[in-house]
Structure formats: structure tokens, C-alpha cells
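Number of protein chains: 2
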Amino acid sequence: MPIYKLLWSARVYDVSSPTPSCEHQKSLNPSPASYSVRFVKENIMSQESTQQRISAWAVTGIGEIVPGDQLGDVIVEACRNAPNGPLQDGDVLVVTQKIVSKAEGRMVEIDPDDPLSHKVLVEQEGVRVVRRRGDLIITETEHGFICANSGIDLSNVERGWAALLPVDSDRSARRIRDIIRAKLGVSVGIIVSDTFGRPWRKGLTDVAIGVAGVAAVLDLRGTPDALGRMMQVTEVCIADEVACAAELVMGKSNGVPVAVVRGLDPLWMRESSMREIVRPPQEDLFR
Amino acid sequence: MPIYKLLWSARVYDVSSPTPSCEHQKSLNPSPASYSVRFVKENIMSQESTQQRISAWAVTGIGEIVPGDQLGDVIVEACRNAPNGPLQDGDVLVVTQKIVSKAEGRMVEIDPDDPLSHKVLVEQEGVRVVRRRGDLIITETEHGFICANSGIDLSNVERGWAALLPVDSDRSARRIRDIIRAKLGVSVGIIVSDTFGRPWRKGLTDVAIGVAGVAAVLDLRGTPDALGRMMQVTEVCIADEVACAAELVMGKSNGVPVAVVRGLDPLWMRESSMREIVRPPQEDLFR
Numbered sequence: 147m148p149i150y151k152l153l154w155s156a157r158v159y160d161v162s163s164p165t166p167s168c169e170h171q172k173s174l175n176p177s178p179a180s181y182s183v184r185f186v187k188e189n190i191m192s193q194e195s196t197q198q199r200i201s202a203w204a205v206t207g208i209g210e211i212v213p214g215d216q217l218g219d220v221i222v223e224a225c226r227n228a229p230n231g232p233l234q235d236g237d238v239l240v241v242t243q244k245i246v247s248k249a250e251g252r253m254v255e256i257d258p259d260d261p262l263s264h265k266v267l268v269e270q271e272g273v274r275v276v277r278r279r280g281d282l283i284i285t286e287t288e289h290g291f292i293c294a295n296s297g298i299d300l301s302n303v304e305r306g307w308a309a310l311l312p313v314d315s316d317r318s319a320r321r322i323r324d325i326i327r328a329k330l331g332v333s334v335g336i337i338v339s340d341t342f343g344r345p346w347r348k349g350l351t352d353v354a355i356g357v358a359g360v361a362a363v364l365d366l367r368g369t370p371d372a373l374g375r376m377m378q379v380t381e382v383c384i385a386d387e388v389a390c391a392a393e394l395v396m397g398k399s400n401g402v403p404v405a406v407v408r409g410l411d412p413l414w415m416r417e418s419s420m421r422e423i424v425r426p427p428q429e430d431l432f433r
Numbered sequence: 147m148p149i150y151k152l153l154w155s156a157r158v159y160d161v162s163s164p165t166p167s168c169e170h171q172k173s174l175n176p177s178p179a180s181y182s183v184r185f186v187k188e189n190i191m192s193q194e195s196t197q198q199r200i201s202a203w204a205v206t207g208i209g210e211i212v213p214g215d216q217l218g219d220v221i222v223e224a225c226r227n228a229p230n231g232p233l234q235d236g237d238v239l240v241v242t243q244k245i246v247s248k249a250e251g252r253m254v255e256i257d258p259d260d261p262l263s264h265k266v267l268v269e270q271e272g273v274r275v276v277r278r279r280g281d282l283i284i285t286e287t288e289h290g291f292i293c294a295n296s297g298i299d300l301s302n303v304e305r306g307w308a309a310l311l312p313v314d315s316d317r318s319a320r321r322i323r324d325i326i327r328a329k330l331g332v333s334v335g336i337i338v339s340d341t342f343g344r345p346w347r348k349g350l351t352d353v354a355i356g357v358a359g360v361a362a363v364l365d366l367r368g369t370p371d372a373l374g375r376m377m378q379v380t381e382v383c384i385a386d387e388v389a390c391a392a393e394l395v396m397g398k399s400n401g402v403p404v405a406v407v408r409g410l411d412p413l414w415m416r417e418s419s420m421r422e423i424v425r426p427p428q429e430d431l432f433r
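From first to last, the protein sequence lines stand for chains A and B. Residue numbering for the first sequence follows my numbering, beginning at 147 and increasing consecutively. Residue numbering for the second sequence follows my numbering, beginning at 147 and increasing consecutively.
Since the list can't tell identical chains apart, any single copy or any two copies may satisfy a pair.
Derived SDA-like pairs (lysine to any residue); straight-line CA-CA distance at most 25 Å:
no., residue 1, residue 2
1, Lys265, Arg367
2, Lys265, Ile283
3, Lys329, Pro229
4, Lys329, Met415
5, Lys265, Glu288
6, Lys265, Arg278
7, Lys265, Glu429
In case anyone wonders, no lab produced these hints; they're calculated from the structure.
Given only the sequences and the hints, what does the whole structure look like? Please build it.
Laid out in C-alpha cells, this is it:
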């Protein structure tokens, strides 16, 4: 059975292509893709030689982060040697929002005994309340994220403090990526991750809120499936999937704020931004 | 810095516990948890010895699946030897919905030149239309999933055929798990995965639609964070996160229908079902 190996030509922007018909898509919303894809068909002789394999591990030994810390430097020091490193070209580092917010001074003092002081902050950080029930507030942030409490975080921060979302997590990711490239000489991707709920399904999952050096969304339009038919699934959010893989090793309670994911398709490594993920309101059926 | 290591006591059901306040949660909906958690605090001497690490790989060499195939047997044969196996206790195998539907004969003939024949099927398989725009239909299925086209799939199936969702993917997962245990003597978890869209964010991600032998949702209530405060995030959907990790190695176009994820917390291995994930309508703010 021939295997179709994809060559992502992510830099070939094709803004002129029409929005595809949604008849055969599983996407929840029609959306024009932001970049196009070329593919090459290769008849792989041995399946074994092409088996895809990834690994992910928690970066240990990162201490408490305080405002002013340069996260890139902290990560460089933690990843110089085993077991966290050395890093390789194509590794993707997932960094939790919490330490990005701390390093960038996005900490706000609140009265820990007054729930109202938290609530005021939530409304201040949201541009729109999407749903409200009891104490729960779902808001849209100025980044375009829709999440509980405007993404404001009270766990893993000192009592009396709240962590706001970074102002621009793409920029935060790029800064970390650039420092790692400068100091360790490797080209890595960075995903800033946070933990969001979602409609219809219980349990939270990690998602990307900032990206650098790794694709956020892959566009598979024009790609044949294994039977040579056009793909039904046309856009895959690999940044969210990598954030999920990383969460499995970071856990929620032990405060490990960085993980490395190794073995991703090298063709996914490219410039990117959260604009690939945030769905414009006019394309969204659920606001 | 002491690390808090969690001991999931997943069998201790605690249906009497009240729904937690949502004030400090990031969950999009209040929801009583289905099981409780005990934890033990351990002062780990060396962080390095506890570094969490997972790996995931695509299972190669699985041929075309046809109705009547026993998937457990197919996977057992594929995973007996390297590079796919041998399997170990605690491995989680992610199996795509497509081959489960094929093996279970959930294939329906449609007129490939008449989009209407697909549309009729979509409405037939949905219990409710949630949103409709142009050709796109978001429905709720009888499983309680909310997804495009009632989860009906046209890619990677022969032209003129559509794959319906399995009737009971938990049961499908249990059957595969039981065959692997019987024939290979290892206890693995099984996740049946599908690719769903979601509101607000572009790009699709893989999710669990059936589980066996591995937790679907972890409940972290009562668990302290790294600073000793109560956790803000209380429920994590690890089944969806594992499905995402697997998707990164399976890809969408090369038709690899099974992946192995190794290295997950052994304490996550327990009986489970999709009832942990599907949010009851009365708890949902987005229907």
C-alpha cells in the first residue's frame, strides 16, 4: 500500500483560493484557510522506516518565577543537560501561561477574602460576557479567547494575587524561541499553553494561547486521503494537540511549567501566530 | 521544593460530595464530579527520578479493515513485535473511529453524486440540529456528542459509502482491550478517537468517543497545587489529551488508524466510560 507523504509548503500563501464547500467537512465552521499546501506522493518502500514517533517530557528543576525573570534564559539553563536536554532542532517547548504571566509581571493584587475583587478583575479583563451562571463567568478576552474568568488564574500563585493572561503570548513565545536559538544554537518551536474548558464536554484540556516557530493550524485542503479521495478534515490544530500532549507530562498539581515534545514533523516548523486559531466572530456559529 | 505526588484512588466513588463552588474554577460549566480522589504528599528527594516522560507511535502495517474484522485480533497481530510492539501494561492504544465503524459494519451506501443522500443520513443520525449554516449541519448525536454532520465520515472510505459512528464506542473499546489482555497478557487502555471541530477556535482536534481501561476525566478536587493552595482546575479530560497526542503521529492523510501512547501515569488506568465526558444538557451553557 503506497503511503502519501506530505510536504508542507507552509510559506506558499494562497489568499486567493475560495472558501471550500463545507458539505464534506467535519469542521464546525466554514473558514477560509490562511495558507495552502503542496504535497508530493512518495511510494515508501518500507513502512517501518517511516513510523512516526514522538516523545514528551517534563522539564524539571525550574524554580519559582518572579516578575522580571527572562524565561528564555531560565529554560536555556534548565535544558543544557540531561535529563531535560540537550535540545535539538525541531523540538517544541510548551510553556504554561502561568510562568509567562509571572515573568512578565501580569500579577495583580486581590483581596483573598473578597470574591468580588476577583470578579471585578474578570469583568475588567473581558471585552464581552458570553455566558453567566451563578458565580461562573465566561468571557471573551481582547485576544479573542473565550474562556472562564477571562483566563485569570488563582492556583499556583501566592494567596492574594491573581495572574492575568499575557498581553501578547505570540510575542512571549517568539522571545523565548529567539533566546534559545541565540544561546543554544537550536531552532525550536514554542507554544504558550493554558487550560480551558469547552462546551458540551466535561473536563478541561490544554490549548495554545501563543505560538512561535511551529504551525498552529495545518491546512490539508487538496490533500488526498489514503484511498486517493480528497480529505474530509481540512484543518488540524496541531498547536492545541501538542499542548495536550505536554499536559500529560506536566500535570496540574506539581507545578512543572515547561515540557519538551520531540519528533514532530519537521515540515511543521514555520512562522505562525494565534491568528491561525482564533476564529473571527463572523465565521463563528456559537457566539 | 517538595513535590506533591498524586495517588488517584479512582475506585472510591463519592457521589455524596456537593458540587464545588465555581468561583475559582476555569471550567466552562459547573458539574459534579463522578469520582473522588485521595492524595498523598511525598517529599521527593530527587526531581530527576520523577521526571515524567511519554512516547507515542503510529502502529504500521494494519491493512484495509472490512466489516466483520475483529479489531482486537488485527491489533494483536500488528503489535506482537517491533516496531509496533511488544505492548506493555499501562500502554494506551488510540484507535480511530473509522476502522471501528468499518469493522462493525456501520457503513451505509450513498449516492456519491447526490449531496442530498448524505444530508438525509446526517439528519437521520442526529437527534437534534444544533446549528445550520449553508451546507454545514451541527447536530447532537444519540451518544450526546455535538459535532458536524452527526459524525458521518466520507474520507478514507470508498466512494459511494459513508461511515456512521459506532453504536457504542465504549463497548468497542472494551472488546479490543479484552482481546489484547487475553491474547497478549497485558492490560492496556483503549481510546476510540474521532476528529471534531469546536466553537471559537479554528482547526479540528482529535477527541475520545469511546474509552476502556483508562480514565476519561481526572478529578483534582481536594488536591493542593505546588504552593499548597487548592487547585483551580478541577477536572482534566486526559482521554481527549491522549487522543490529541496520538493524532500527532497518526496524521490525517496516511490512513494510520492505531497509535500507542506509553508512559502515562499508571494510576490513571481504571474502568471508565464516556459518561465522564459527555456533559448533561442541564449543566451545559451552550445548547
